[in-house]
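Participant: Sequence:
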Amino acid sequence: MEALTYYEGKLRVADKATIIYQLFILTVIFFNYPRIPNGFWLILIHLAIIAFLLWLPNLGGGKILNWIRLWNLVPIILFNFSELHFIVHNVRPQDMDTLLIQIDKNLFGVHPTIWLEKFHHPILTEYLQLVYTSFYFLPLILAVLLYRKNRMEEFDYFAFIIVYGFYLSYLGYFMVPAIGPRFTLDHLQSFPLHGLWLSDHLQHLLNRLENIQRDVFPSGHTKITVLTMYFAARYHRKYFYVLLIIGPSLIFSTVYLRYHYVIDVIAGFAFAAFVIVTAPAFYRLLSWLQFVPLRSSEECG
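Those letters in the sequence shown? Residues -14 to 286, by the numbering used here.
Since the hints were made in silico from the structure, they are not lab data. One thing to keep in mind: the hints can contain errors.
[To be verified] Now the in silico label distances, taken between C-beta atoms and shown as ranges:
hint	residue 1	residue 2	range
1	Asn135	Phe37	38 to 46 Å
2	Arg136	Leu274	40 to 48 Å
3	Leu32	Gly94	45 to 53 Å
[What the hints assert, rightly or not] Taking lysine-lysine and the DSSO-like style, the derived pairs with C-alpha atoms no more than 30 Å apart in a straight line are:
hint	residue 1	residue 2
4	Lys(-5)	Lys48
5	Lys(-5)	Lys90
6	Lys223	Lys134
7	Lys103	Lys90
8	Lys48	Lys103
Built from N, CA and C at the ideal position, the CB exists for glycine as well.
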């Protein structure tokens, strides 16, 4: 089957996982409605996402619709992350940074972000900020490589893995809301981090795009990078060899650049392992579940 038409008439497994997450967030907003800014509009958007995903398989073929079927989850995941700015802190107002700071101190005897100051260099900061920002493209590149090779079964499973990984991270932010060492330990740092040309601009860009999030535990950057490396090793060796350089650098950057505590990174590895172990059974379950009656392939043609 041609890659572009692979999802015609299908509600893919990643879509089903996305719908389940939208229902979870709808429930959270509903029971905390007075405390959620723009709650009414968020509810409408989530209902629209669910309706869109359920209706999309029944809209027939066409190049534009098929492209939407392939890549619609990219903007949906980004929206789901952005809205956490309005939800997590209003639902869980007590940040847990103190606990995470204490765990790091117990593990290492120092604050890791402060200890890493001795390795500061503008060139290193520049490189690590570039690598940190590349996170948003790493899983997408593997997905594109699989799509271009028409390996749609692997594409479908990897899309599910990334959706599962992101949404599990988002649930973690509700369980352990924390803002991160760049805010909580700033008064202990000897100096701000500066690179050469782009790092300051990239930091400001990320701050504007992401807002102030309680998105520290687990480290989503670590988890998604580990998942991408794991499946690149299985599906695309050449890309995996590239990630052998980028991946460890990115994970190190999360602490060096003061975005995360080390315990967040450890949790990122643990969450990634959990996804890898549980994903096959969850994928089979969602494949078996039929959310709505779908049109036959003859009808879609």
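Participant: Now look at each hint and say whether the structure bears it out.
Facilitator: How the hints compare with the structure:
1. In this structure, asparagine 135 and phenylalanine 37 break the distance hint of 38 to 46 Å, their C-beta atoms being roughly 26 Å apart.
2. Look at arginine 136 against leucine 274: about 24 Å separates their beta carbons, and that is not inside 40 to 48 Å.
3. About 50 Å separates the C-beta atoms of leucine 32 and glycine 94, a value consistent with the hinted range of 45 to 53 Å.
4. The hinted pair formed by lysine -5 and lysine 48 meets the criterion: a straight-line CA distance of about 15 Å does not exceed 30 Å.
5. Taken as a hint, the lysine -5 and lysine 90 pair is broken in the structure, with Cα atoms around 50 Å apart against an allowance of 30 Å.
6. The suggested pairing of lysine 223 with lysine 134 holds, with an alpha-carbon distance near 14 Å, which does not exceed 30 Å.
7. Taking the CA atoms of lysine 103 and lysine 90, the gap is about 17 Å. The hint holds against a cut of 30 Å.
8. A threshold of 30 Å between alpha carbons decides the hint, and for lysine 48 with lysine 103 the separation of about 54 Å lies outside it, so the pair is violated.
Consistency note: the structure conflicts with the earlier hints numbered 1, 2, 5, 8.
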